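**Student:** Construct all of the structure, not just a fragment, from the sequences and the given hints.
Chains as they are written, first to last, in this note's numbering: chain Y, 436 to 781; chain U, 436 to 781; chain G, 436 to 781.
Any given hint might turn out to be false.
Identical copies look the same in the list; a pair holds intra-copy or inter-copy alike.
Said to hold, decoys possible - Pairs of lysine-lysine, BS3-like flavour, derived with a Cα cap of 27 angstroms:
1. 490 / 698
2. 470 / 768
3. 701 / 453
4. 701 / 446
5. 632 / 446
6. 507 / 447
7. 446 / 507
Hints in this document: simulated from the structure, not taken from any laboratory. Here the structure is a predicted model, which means the values were calculated and not measured.
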Amino acid sequence: MSKFTLGEIAKKIKGRVKGDSNVIVTGVAGLEEAKNGDISFVANRRYYNRIASTKATAVIVGEDNGAIPDDKNYLVVENPYLSFLMTVELFYPQNSNFVPGIHSTVVIDPTAEIGERVYIGALVVVGAGSKIGNDVILQARSYVGERVVIDDNTRLMPGVIILDDVVIGKRCLFQSGCVLGSDGFGFVCDNNGIQQKIPQVSGLIIGDDVEIGANCTIDRGTLSPTHIGNGVKCDNLVHLAHNVEIGDNSLVVAQVGISGSTKIGKSVVLAGQAGIGGHLRIGDRVKVGAQAGVTKSVPEGMEISGYPARPHGEALRSQALLSRLPNVIQQIKDLLNRVNKLEEKK
Amino acid sequence: MSKFTLGEIAKKIKGRVKGDSNVIVTGVAGLEEAKNGDISFVANRRYYNRIASTKATAVIVGEDNGAIPDDKNYLVVENPYLSFLMTVELFYPQNSNFVPGIHSTVVIDPTAEIGERVYIGALVVVGAGSKIGNDVILQARSYVGERVVIDDNTRLMPGVIILDDVVIGKRCLFQSGCVLGSDGFGFVCDNNGIQQKIPQVSGLIIGDDVEIGANCTIDRGTLSPTHIGNGVKCDNLVHLAHNVEIGDNSLVVAQVGISGSTKIGKSVVLAGQAGIGGHLRIGDRVKVGAQAGVTKSVPEGMEISGYPARPHGEALRSQALLSRLPNVIQQIKDLLNRVNKLEEKK
Amino acid sequence: MSKFTLGEIAKKIKGRVKGDSNVIVTGVAGLEEAKNGDISFVANRRYYNRIASTKATAVIVGEDNGAIPDDKNYLVVENPYLSFLMTVELFYPQNSNFVPGIHSTVVIDPTAEIGERVYIGALVVVGAGSKIGNDVILQARSYVGERVVIDDNTRLMPGVIILDDVVIGKRCLFQSGCVLGSDGFGFVCDNNGIQQKIPQVSGLIIGDDVEIGANCTIDRGTLSPTHIGNGVKCDNLVHLAHNVEIGDNSLVVAQVGISGSTKIGKSVVLAGQAGIGGHLRIGDRVKVGAQAGVTKSVPEGMEISGYPARPHGEALRSQALLSRLPNVIQQIKDLLNRVNKLEEKK
Numbered sequence: 436m437s438k439f440t441l442g443e444i445a446k447k448i449k450g451r452v453k454g455d456s457n458v459i460v461t462g463v464a465g466l467e468e469a470k471n472g473d474i475s476f477v478a479n480r481r482y483y484n485r486i487a488s489t490k491a492t493a494v495i496v497g498e499d500n501g502a503i504p505d506d507k508n509y510l511v512v513e514n515p516y517l518s519f520l521m522t523v524e525l526f527y528p529q530n531s532n533f534v535p536g537i538h539s540t541v542v543i544d545p546t547a548e549i550g551e552r553v554y555i556g557a558l559v560v561v562g563a564g565s566k567i568g569n570d571v572i573l574q575a576r577s578y579v580g581e582r583v584v585i586d587d588n589t590r591l592m593p594g595v596i597i598l599d600d601v602v603i604g605k606r607c608l609f610q611s612g613c614v615l616g617s618d619g620f621g622f623v624c625d626n627n628g629i630q631q632k633i634p635q636v637s638g639l640i641i642g643d644d645v646e647i648g649a650n651c652t653i654d655r656g657t658l659s660p661t662h663i664g665n666g667v668k669c670d671n672l673v674h675l676a677h678n679v680e681i682g683d684n685s686l687v688v689a690q691v692g693i694s695g696s697t698k699i700g701k702s703v704v705l706a707g708q709a710g711i712g713g714h715l716r717i718g719d720r721v722k723v724g725a726q727a728g729v730t731k732s733v734p735e736g737m738e739i740s741g742y743p744a745r746p747h748g749e750a751l752r753s754q755a756l757l758s759r760l761p762n763v764i765q766q767i768k769d770l771l772n773r774v775n776k777l778e779e780k781k
Numbered sequence: 436m437s438k439f440t441l442g443e444i445a446k447k448i449k450g451r452v453k454g455d456s457n458v459i460v461t462g463v464a465g466l467e468e469a470k471n472g473d474i475s476f477v478a479n480r481r482y483y484n485r486i487a488s489t490k491a492t493a494v495i496v497g498e499d500n501g502a503i504p505d506d507k508n509y510l511v512v513e514n515p516y517l518s519f520l521m522t523v524e525l526f527y528p529q530n531s532n533f534v535p536g537i538h539s540t541v542v543i544d545p546t547a548e549i550g551e552r553v554y555i556g557a558l559v560v561v562g563a564g565s566k567i568g569n570d571v572i573l574q575a576r577s578y579v580g581e582r583v584v585i586d587d588n589t590r591l592m593p594g595v596i597i598l599d600d601v602v603i604g605k606r607c608l609f610q611s612g613c614v615l616g617s618d619g620f621g622f623v624c625d626n627n628g629i630q631q632k633i634p635q636v637s638g639l640i641i642g643d644d645v646e647i648g649a650n651c652t653i654d655r656g657t658l659s660p661t662h663i664g665n666g667v668k669c670d671n672l673v674h675l676a677h678n679v680e681i682g683d684n685s686l687v688v689a690q691v692g693i694s695g696s697t698k699i700g701k702s703v704v705l706a707g708q709a710g711i712g713g714h715l716r717i718g719d720r721v722k723v724g725a726q727a728g729v730t731k732s733v734p735e736g737m738e739i740s741g742y743p744a745r746p747h748g749e750a751l752r753s754q755a756l757l758s759r760l761p762n763v764i765q766q767i768k769d770l771l772n773r774v775n776k777l778e779e780k781k
Numbered sequence: 436m437s438k439f440t441l442g443e444i445a446k447k448i449k450g451r452v453k454g455d456s457n458v459i460v461t462g463v464a465g466l467e468e469a470k471n472g473d474i475s476f477v478a479n480r481r482y483y484n485r486i487a488s489t490k491a492t493a494v495i496v497g498e499d500n501g502a503i504p505d506d507k508n509y510l511v512v513e514n515p516y517l518s519f520l521m522t523v524e525l526f527y528p529q530n531s532n533f534v535p536g537i538h539s540t541v542v543i544d545p546t547a548e549i550g551e552r553v554y555i556g557a558l559v560v561v562g563a564g565s566k567i568g569n570d571v572i573l574q575a576r577s578y579v580g581e582r583v584v585i586d587d588n589t590r591l592m593p594g595v596i597i598l599d600d601v602v603i604g605k606r607c608l609f610q611s612g613c614v615l616g617s618d619g620f621g622f623v624c625d626n627n628g629i630q631q632k633i634p635q636v637s638g639l640i641i642g643d644d645v646e647i648g649a650n651c652t653i654d655r656g657t658l659s660p661t662h663i664g665n666g667v668k669c670d671n672l673v674h675l676a677h678n679v680e681i682g683d684n685s686l687v688v689a690q691v692g693i694s695g696s697t698k699i700g701k702s703v704v705l706a707g708q709a710g711i712g713g714h715l716r717i718g719d720r721v722k723v724g725a726q727a728g729v730t731k732s733v734p735e736g737m738e739i740s741g742y743p744a745r746p747h748g749e750a751l752r753s754q755a756l757l758s759r760l761p762n763v764i765q766q767i768k769d770l771l772n773r774v775n776k777l778e779e780k781k
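**Tutor:** What follows is the structure, encoded as structure tokens:
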């Protein structure tokens, strides 16, 4: 495990020390879990009162830090959370422990092109005509099909499967067990009630800085490719059907499913287990609630939830009204009685 | 990439050329994406007006084609869509680029029987007593356990896992990462609150012409086998529990889950993310809506949706009424006021 | 296949023979599927009338067995179901067909420590610094990363992926394709709308007697580890996010998703496709219905269902009232008419 003085950390993350810059920091932790030697952080001044009881050796705080105890060591920064993330990276540098080299058990087709400083782990397969960029990491047991392109600094964790003709950008990260480029689900029922397969012959194009979670599945396109934009992040067990398009910087939370040919805009958030129907357009910056079932296109900027999904405020009102239903039914009974009496008196 | 004259394609898919039968076709594409050299199609006469602007070299159309422009080349057929699929197959013949042969890195038990013209890719494992039919394709890194039977012309894509005692028919296709024959989820809570495992000792039988999507899981049966009928197609990330039975030609869309011992009829469609409870019977030709939660058996031919699932028309009415609730509550308020006044006047 | 006399089985499962203890039993089956030679069981006296028509050679019954036919052979026990499970184990002893040994194709780092009587199948990878206990079974193509600890008698089925720093207890069973220790889904949106990854640097700790289903994904913790208690059982395709904690003996049914930092109590049951929000506390012995969407913490012992999840009785009442809505709306129309008439008469 690495260790740094607080002064060294300050230099690297561009912060200012308040306290002893020679103190030794040996790890990172949340405020409550921190022990002697750790550096922690407080992102919100509301929580400055928790600093007194932490065991952390140093705490990263923001500029407005008047109320913090004097007997601790601090790193003062503009954005404590982002600076803490940079500090975590210092202690756990991603990808750093992959010494470039190719394991003796790999099966690489002689026509594949492999870039410089590439790490290829045990039992990896790379098919004919594929191109692997520089500084790429293919961890053990990952599979790369034929005519695949993987650009610089992208990393496949153990057991990732990239099928033929998939094109992947720079600095992507693929979690274990995800499958990229499986056949889309396309069948035509013939006159005998038999489902005939529609050949799925196009590819899958993935931008830069994409992260795809464990055991996700992304299908290749039917006649034109499926597209995942730059900076898109998918959680685990997400399903993206053939010819889906996702705009830059959108987030897709665990177990979401997106049906065929739907176009998702930029900076969209799809919460866990939501389902999006086929051939829809979801505008930029739309937020879809957890478990929502989206059956229509959604204009940009909207927040929707429920099944079928509707504007979030409306969905909440429906739920609230539903809980008032017993009351409504009682009111009607009362009204009936009173009208009965009024009629009798006639 | 292959190329054909339009006349050659006409012969192979049994169509009639209208235009130049010597023109060279080099690819397939949708009408809008098509470029010079491509063949495309129009399945519905409503869209014949889009032909004028396509860049396709030739277009497949139906018999009722009076309104199409004269300056294009056509293939006239009975069913343009099915004929187009056949044309796609001409350009992208499935399974054709697997030259029979067994990679040097495979681990095949000496008691396994391997048929003729079989392709076995890198790092494939085949266990003791398994039988692999003729013309089977086991792509790289696929795993076949012990006493497995795989019949002729079936294909496992990279990374498929077939566990012990699974029996598979002819012409099936398994997408990457699917797991066939995992243990069912069966436990009995003993007197100490500890869940004791119910041994899952039976198998899994899969018919002919079945396709199973990426990262699906199908459990073996407890004491008698799980059954998947002929022509069943499963999309990605589908879960089929122990002792499920699915009738011929049913479609199971992505992320559907079917609980233990439920019997699904023939030609059923289960839309995405639907969940089917345990020990139910879903009749032939039933259609279950996306995200529906099926808690009761369903007679044949019904269309159901919602949670808990009910006849689709009824579910739609419930949703419509729910949106009228604010109105209903206002009406009751008005009634109350009017009855109050009536009572005062007495 | 093994065979036993009924007397031998009686001895092993501590039951009493009623009938011929020399009869030969060659298999186990349900009452209806049983054929000559099988032993079956009846767990509930209500079903004793089905014994007359079974083809089973022997039947396991409870002590209160007055009404059973005389011409069959029985094993009389306290708990017929648990005794039947023990009998199934006799015929299909789990893990017994793994002769200890290490396949010649494995890739095991020289710094890994391997216990005694371990089975390691074809193409298994074990990384640096990992410790494999005694009697562990690592089936073909399973992957164990660096610094992983796997305690005695645990079994990985083919294709399981255990990533770096995961710690696993005794007697666990991992079904094929599950991924343990993938990165959690943590990002911070910076000022440019770019999602910056929060490094996921902690581990995953799994207790004793845990079973994890096929293609499940369990994420490592961000700064402190994710925790799975003793005796927890997960069905297939379950997603457990970073820093989730699950108490002892809880059951998680297929396709459930649990969001980050949520703490699940002991002996909880989460039914299929349920989704649990982040940072919640679900009390001991809570039961969550299938497809429920849990948005708030739940006190111990409660049964909840629906979306958003509420007490199960209340959810059922809401559904019932919803089905009465058309009636309610008709009643209001009638009332309006009657009040109109009353007002006219004034």
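**Student:** Determine for every hint whether it applies to the structure shown.
**Tutor:** Status of the hints after comparison with the structure:
1. With identical chains, the CA atoms of residue 490 and residue 698 are at most 27 angstroms apart between copies only, with a shortest distance of 24 angstroms across copies and 49 angstroms within one.
2. Taking CA atoms no more than 27 angstroms apart as the test, residue 470 paired with residue 768 passes in neither setting, with 64 angstroms inside one copy and 61 angstroms between copies.
3. Taking the shortest alpha-carbon separations for residue 701 and residue 453, neither the intra-copy value of 41 angstroms nor the inter-copy value of 45 angstroms comes in at or below 27 angstroms.
4. Proximity of residue 701 and residue 446 under a CA criterion of 27 angstroms is satisfied in neither setting, with 35 angstroms inside one chain copy and 47 angstroms between copies.
5. Taking CA atoms no more than 27 angstroms apart as the test, residue 632 paired with residue 446 passes between copies only; the shortest distance there is 22 angstroms, against 60 angstroms inside one copy.
6. For the homomeric pair residue 507 and residue 447, the shortest alpha-carbon distance inside one copy (20 angstroms) is at most 27 angstroms, but the shortest distance between copies (66 angstroms) is not.
7. For a Cα distance limit of 27 angstroms, the shortest separation of residue 446 from residue 507 inside one copy, 19 angstroms, qualifies, whereas the shortest one across copies, 69 angstroms, does not.
Checked against the numbered hints above, the structure violates hints 2, 3, 4; every other hint is satisfied.
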